[in-house]
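Student: The residues making up each chain are set out below.
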Amino acid sequence: MLGRVVMMNLPERSDEELMSGVVRRESAALEILYDRYAASALGVALKILRERASAEDIVQETFWRVWKSAATFDSRRGAFPSWLFAMTRNLAIDELRRRAARQASDIDLDDAASEIPDCASDVMDAVWTQMQSERVREAIQQLSEPQRQVILLAYFQGLTRQEIAERLQEPAGTIHTRARLALQKLKTLLSGE
Amino acid sequence: MPRENHVEEWIPFYLLGGLDAYETEMVEKHLPRCAQCRAVLEDLRGGAQALPYAARPIPPSPRVKRDLFNRVHADLRANSAASQARAIATSANWFDWLRVPSRAVALASLILLVLSIAWALSLRAQVDQLHAQVNEQRVALTLLSKPSTVTKDFQATAVQPNARGQLIADLSDHRALLVVSGLKPLPQGRVYEAWLIKGKTPVGVGTFVVDANGVGQILINAPEPLRVYQIAALTEEPEGGSALPTTSILMSSQFN
Ligand SMILES: [Zn+2]
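Taken in order, these protein sequences are the chains called A and B. Heads up, the first sequence is in our numbering, so the first residue is 1 and it goes up one at a time. Heads up, the second sequence is in our numbering, so the first residue is 1 and it goes up one at a time.
Worth flagging that the hints you see were computed from the coordinates, not collected in a lab. Don't take every hint at face value.
What the hints assert, rightly or not - Counterexamples of contact, computed for chain A against chain B with all Cβ distances above 10 Å: (1) E31; (2) T129; (3) I151.
Unchecked claim - DSS-like, lysine-lysine: derived pairs with alpha carbons at most 30 Å apart: (4) B/K198 to B/K65; (5) A/K68 to B/K29; (6) B/K152 to B/K200; (7) B/K198 to B/K152; (8) B/K65 to A/K185; (9) B/K146 to B/K198; (10) B/K198 to B/K184; (11) B/K29 to A/K187; (12) A/K68 to B/K65; (13) B/K184 to B/K200; (14) B/K184 to B/K152.
We put the CB at the ideal spot given by N, CA and C, even for glycine.
Using the sequences and the hints given, assemble the complete structure.
Tutor: This is the structure in structure tokens:
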């Protein structure tokens, strides 16, 4: 479920094919990847930074790095979206740390209004992305509150395991167990079709 | 260190980006050597890969895509101009080669192509400069609107006693806006240079000139957060700036 699926028999170039195109300096290949993933990347950056202008800068920088560093992408080490979103997330967390404004803000899964682009060049991509996101958010809602808290604090607020243990006043071992159980449960919930 | 020197307890946080640099290094050293920990990694990877989708997707404004592809296309043009220039420079006997008239025509059109690319690039450079200016203003406005931003007087020394200035900075950030007035306009080839001084080491953080009224500004982007520096200062230097200040301090401000 985490790979791309071909819906309604649309001819579609895989992420890996497109990345080979980007390595050959085909800007059109980058454009298809942008249309496919920019909205998800902005979602990640915005959830971390909570400010649209900086989040959009992060998205631009992420895809610029895809263009400049395409040759370093190795599909044997993981799928393209994981590589892409890790860059987005790390750039956004760096920015967040620079601001040194790590307030104890509430984790709200529904803080940004859902939008479907009206002028999307690839409506199927947009729909697929929305569906994907809804499934993941439903799965996260099924985790216990303590499990959910730990993985969201780590991923979207950039807290380390030590910082989470301090923030929640729990032993590190408890935090480790919660994170592991949360990831296992997510995988189980998402792998059943 | 997790028990038995395995790193499996840390793997969830490795996947979530929640380890510090030391821990990350330990995990990355251990994984290639240990099938048991690699199995844990593979078991948890799928769950971690889903997390980016926990954020609602939001289409970026069209500006983001436009700016990105302007950069990409400029990059393509710059590389093709460079490789064509290299091709001309490295063709060994190109005088002989040119004796064939059709080749001379071909070379002339190639030169024309390179020139037109250079022209397009210079236009592009102007647009980039405008973008940079707009971006600088946006950064300055962001800085001004932050609650943690403080304003420090940038005080003139006896060299130019009429100069006035303010340094607008968030000390936890790398950026500061320096605005000055009453400085004398400089002759061609001379600039004002801003410095941040950490201990006894001055770091040049940018040069600028003032207008006919002695007004100038610079957006400083320091290599480290501003709070690590004790003093901000201004000197006059040759165009392009100096490695170390070469004239006396004209204005300064203390951070702590
Ligand atoms: Zn191990």
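Student: Holds or violated: are the alpha carbons of B/K146 and B/K198 at most 30 Å from each other?
Tutor: holds, 25 Å
Student: Beyond 10 Å from chain B, beta-carbon-wise, is A/T129?
Tutor: violated, 5 Å
Student: Holds or violated: are the alpha carbons of B/K152 and B/K200 at most 30 Å from each other?
Tutor: Answer holds: B/K152 to B/K200 is near 21 Å, not above 30 Å.
Student: Is it true that the CA of B/K198 sits at most 30 Å from the CA of B/K152?
Tutor: holds, 17 Å
Student: Assess, step by step, whether the Cα of B/K184 is no farther than 30 Å from the Cα of B/K200, and give holds or violated.
Tutor: Holds - the C-alpha atoms of B/K200 and B/K184 are around 28 Å apart, at most 30 Å.
Student: Taking only the CA atoms, is the gap from B/K198 to B/K65 under or equal to 30 Å?
Tutor: violated, 40 Å
Student: Take the C-alpha atoms of B/K29 and A/K187, compute the straight-line distance between them, and say whether it is at most 30 Å.
Tutor: Holds, at about 26 Å.
Student: Starting from A/K68, check that the Cα of B/K65 is at most 30 Å away, please.
Tutor: holds, 16 Å
Student: Do the alpha carbons of B/K198 and B/K184 lie within 30 Å of each other, as the hint requires?
Tutor: Given pair B/K198, B/K184 holds - Cα atoms ~28 Å apart, limit 30 Å.
Student: Has the given pair, B/K65 with A/K185, been kept, meaning a C-alpha gap of at most 30 Å?
Tutor: violated, 36 Å
Student: For the pair we were handed, B/K184 and B/K152, check the Cα-Cα distance against 30 Å.
Tutor: Holds, because 21 Å separates the two Cα atoms, which is no more than 30 Å.
Student: CA of A/K68 to CA of B/K29, is that 30 Å or under?
Tutor: The given pair, whose Cα atoms are some 27 Å apart, holds under the 30 Å limit.
The structure does not agree with the numbered hints 1, 2, 3, 4, 8 stated previously, though it agrees with the rest.
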